[in-house]
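There are 2 protein chains.
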Amino acid sequence: MSKQPQQKGGTETAIKPTRSQDYAEWYQQVVRAADLAETSAVRGCMVIKPWGYALWERFQAELDAMFKATGHKNAYFPLFIPKSFLEKEAEHVEGFAKECAVVTHHRLVAGENGGLVPDPKAKLEEPLIVRPTSETIIGASFAQWVQSYRDLPLLINQWANVVRWEMRTRLFLRTAEFLWQEGHTAHATKEEAEEETRKMLEVYATFAADFMAMPVYKGPKTASERFPGAVETYSIEAMMQDRKALQAGTSHFLGQNFAKASGIRFQTKNETEEHAWTTSWGVSTRLVGGLVMTHADDDGLVIPPRLAPAHAVILPVLRGDDTKPAVMGFIEKLKKELAEVRYHGRPIEVEVDARDIRGGEKSWEWIKKGVPLRIEIGPRDVEQDSAMVSRRDRGPRDKAPMKRAELVANITSILDDMQKGLFDRALAFRKEHTRTIDSRAEFDDFFTPKSKNEDRAEIHGGFALAHWNGEGAVETELKDKLKVTIRNIPEDLPEAEAPGTCIFTGQPSKRRVLFAKAY
Amino acid sequence: MSKQPQQKGGTETAIKPTRSQDYAEWYQQVVRAADLAETSAVRGCMVIKPWGYALWERFQAELDAMFKATGHKNAYFPLFIPKSFLEKEAEHVEGFAKECAVVTHHRLVAGENGGLVPDPKAKLEEPLIVRPTSETIIGASFAQWVQSYRDLPLLINQWANVVRWEMRTRLFLRTAEFLWQEGHTAHATKEEAEEETRKMLEVYATFAADFMAMPVYKGPKTASERFPGAVETYSIEAMMQDRKALQAGTSHFLGQNFAKASGIRFQTKNETEEHAWTTSWGVSTRLVGGLVMTHADDDGLVIPPRLAPAHAVILPVLRGDDTKPAVMGFIEKLKKELAEVRYHGRPIEVEVDARDIRGGEKSWEWIKKGVPLRIEIGPRDVEQDSAMVSRRDRGPRDKAPMKRAELVANITSILDDMQKGLFDRALAFRKEHTRTIDSRAEFDDFFTPKSKNEDRAEIHGGFALAHWNGEGAVETELKDKLKVTIRNIPEDLPEAEAPGTCIFTGQPSKRRVLFAKAY
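From first to last, the protein sequence lines are chains H and W.
According to this note's numbering, the residues represented by the first sequence are 1 to 519, in order.
According to this note's numbering, the residues represented by the second sequence are 520 to 1038, in order.
So here's chain H without its partners, still in its complex pose (with noise of 0.2 Å):
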């Protein structure tokens, strides 16, 4: 075991280095010593280790819902894209073509060396693309289940794994495989089918803020941050605790352009026969990335309470095994009020952990891991009815105690109490660095480092509102010279709405557009 900080003194942190002195391996440090996930033997590819999979759950069930509430139903479709169905759409290919994993063989026979090799006489006539996305695919089965205006709309959402191959990868952010929910959906008018893309996005707006406490700025996207082959694609945006921008969720209105490449067509009302309008948006794994990055701290993982596998760890402090019935019986009725109690629809989960090691390391690795209340239960306090209990979003020695009875009758609004708090500390951060910006020089200073080490090492810039005259040119700049791109043109955002002057170009600027380096 590493050591613990409580045995060096109150200062140190559980999570080395801390955010300022290097974020980068900070988060890294924190995914591991909260036990989400790792590296595997395949380039590129995550294991999802129980922790981080019991949240990723979490995050299934509580979208899931939200979709089911929409009117989307699941299904499933094939790991497979036939290379000639990513051909179809002239877009969609350039963007996904690029880097993915191709199938060429459907069987292995023993090579000249003694080890396997792909078998020449199984060579596929036409090589299988693993699914980088499921437009393509999905188009496919749209085009037969289509035929009238009667089927439509068509409200549909798959849980799946997809593939882009990935150079640098990072947990959870950028992996080569990742798991994920894609929503596609078919309309018989524009109309619908943009109505459709903006409700998924405020669907994920809501669900970031709701239940991942992570404030997010949501808009459309610029022309060239456009999913391939869609007419707009809207995005939510977050800022991370190095100030940087999540893309955490993506809508598009996908026009006619999928529907035309997959055929598919339905009669009107009219009797006229014309192509579905579509729309698909999706949210993955990297969204566990971004719950790390907006809560996490020095001591590691912070879980808000609403997306929580576990709301409390339970950890007895047993002294001698005479005390060990009493306390283990306490706990077991304590464990049980608690399950009768509901927290927005779902009954108090805890965990308790027996586990014979010190008390201190066990504390430890449950504050590493985020769990939002831990409750220590020892031989005095049962006697008086009561329990020692620590708050993840106080500090790891803060702790106060509390009546059994107190606690369970109270236990919903302190967990409410965290969620609104976390809540709050991100959306306070956020507002403090966000700037408007309205001269280049400023710009520049804003996403330059201040220090001469390597840009990791400072954490610095933030979110700038800026004006901007419309030209892609700018973009590139921006993005080959200081890495900074726009992340989307902000809605809901009175201060950006003005008409002004581009700080680039000097020319006339609609209203100003959201800026920051992104992940």
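FYI, nobody ran anything at the bench for these hints, they're computed from the structure.
Cβ coordinates follow ideal geometry from the N, Cα and C atoms, glycine included.
Just to be clear, a hint being listed does not mean it is correct.
[As the list claims (entries may be wrong)] Derived coverage of chain H by chain W (criterion: at least 3 residues anywhere in the stretch with Cβ under 8 Å from a Cβ of chain W; other residues may be distant):
| id | segment |
| --- | --- |
| 1 | 39 to 45 |
| 2 | 69 to 82 |
| 3 | 137 to 143 |
| 4 | 161 to 172 |
[What the hints assert, rightly or not] Here are some chain H residues pointing at chain W (derived, C-beta under 10 Å):
| id | residue |
| --- | --- |
| 5 | 85 |
| 6 | 107 |
| 7 | 176 |
| 8 | 177 |
We have chain H; now place chain W onto it with these hints.
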């Protein structure tokens, strides 16, 4: 729309052909009529449609709860397996390298003729195999996770897609890609691993009986039918309505074979180092095919209530717009009342099908989809505070009026009665077609179709309990000549446990084993 049976008189069936006319084709038609799944443009891969996927989600939810109740945690491992990993276990590679999807490139580029081709510059140094099963890749993680006896047992489950290249495919029963769960566990002792293997076999048998209403025989497979690399494979085997066996789940005791291949070693309490003992166990979307073939009839699918995505469908019977508000109001009220009733831990789920199509057509659609209860409500029912209720386990025209309050009060007992009835019927069917056979002549006769038509046209045979001396050569001969295999050595079956004489060799036999043709 296809013509509906009720227009053609009382004896016609909704599915054509019927089971007795052409069982294989009947199966395909039931799957199609219930809108469960369809073939895709990708060879051997199916599309699981919303109703089929909702059914699979029910399987998942119940199995997942059973796995968690027995101490397992979910995790996720890479889709790809490096070729060298497969090569580590000699028998395993023999079993799985044969037909698999081989990824050889990570990029497509424009070819000479305009289309895309795998980029020769992006050829992988080592081919990757799309997982056919994950023992080897999960073993690599376990080798890292397990250091000491304190890390054991390690009890992991994964929900995933897997690929086994198949030439002849049938929806759900045999497809190139399928969805499944695979449990993988590591233990400190042989006894513990054997106990785990048996425990999970028991979980599968319980799930089959209590949820699928499908009785199974459980027991070890013979050596020739073991999972490649396993020391012992246990299976559950169910009888389909064509009297063939379906292997519905397997649980493998892997000894130390995979631990040695993957290097899963641990320090014992005595500070010696040993290889762990591992198990693996899985069930797949094949179970959906098993459910269809156990309970569906000549009018379509029949879903046991405990696995039904919806327990009931409410069909408004509207005669003119003026009665609509009263009928729909009544339905909403009933739906809400039913949602407050819990059936085996989950609220009663009701679909309301208010589509503006002919009532008969609508009703037949739900018969073919296998929803347990159909509830018709028209203006007269509203007046009488009642509904017309039809059970899917009775004739399609068999309906009875029930008072609303009576329906709400009795729905769980009606559903339980259906669940039990389906199990009892399946059990009686199996009993009727299971025979104790004591001569080779009778055995051959039992498994030989009597008509001169093709095999598929005649349902024949069944399960045979016969004595066998343990010789592999007998198995080979029976497989080649009669397409009959030993399904397993069934346990908890006193009539099979007495010693006797092998009907194939005349040699002594310790007990009877279970023979059948199989999927």
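Grab the minimum C-beta distance from residue 85 (chain H) to chain W and call the hint holds if it beats 10 Å, violated otherwise. holds (7 Å)
For the segment 39 to 45 of chain H, count the residues whose Cβ lies under 8 Å from any Cβ of chain W; is that count three or more? The restraint on the segment 39 to 45 of chain H holds, since 4 of its residues have a Cβ under 8 Å from chain W and three suffice.
Check of the segment 69 to 82 of chain H against chain W for coverage (Cβ-Cβ below 8 Å, three residues minimum): As far as the segment 69 to 82 of chain H goes, the hint holds, because 10 residues have Cβ atoms under 8 Å from chain W.
Do three or more residues from the segment 161 to 172 of chain H put their C-beta atoms closer than 8 Å to C-beta atoms of chain W? With 3 residues closer than 8 Å to chain W, the segment 161 to 172 of chain H meets the three-residue bar; holds.
In terms of beta carbon proximity below 8 Å, does the segment 137 to 143 of chain H have 3 or more residues touching chain W? holds (count 3)
How about residue 177 (chain H): closest beta carbon in chain W under 10 Å, or not? Hint holds; residue 177 (chain H) Cβ to chain W Cβ min 5 Å, cut 10 Å.
Does the CB of residue 176 (chain H) sit less than 10 Å away from some CB of chain W? At 8 Å from the nearest chain W Cβ, residue 176 (chain H) passes the 10 Å test, so the hint holds.
Under 10 Å, Cβ to Cβ, is where residue 107 (chain H) needs to be relative to chain W, so tell me if that hint holds or is violated. holds (6 Å)
In terms of the numbered hints stated before, the structure departs from none.
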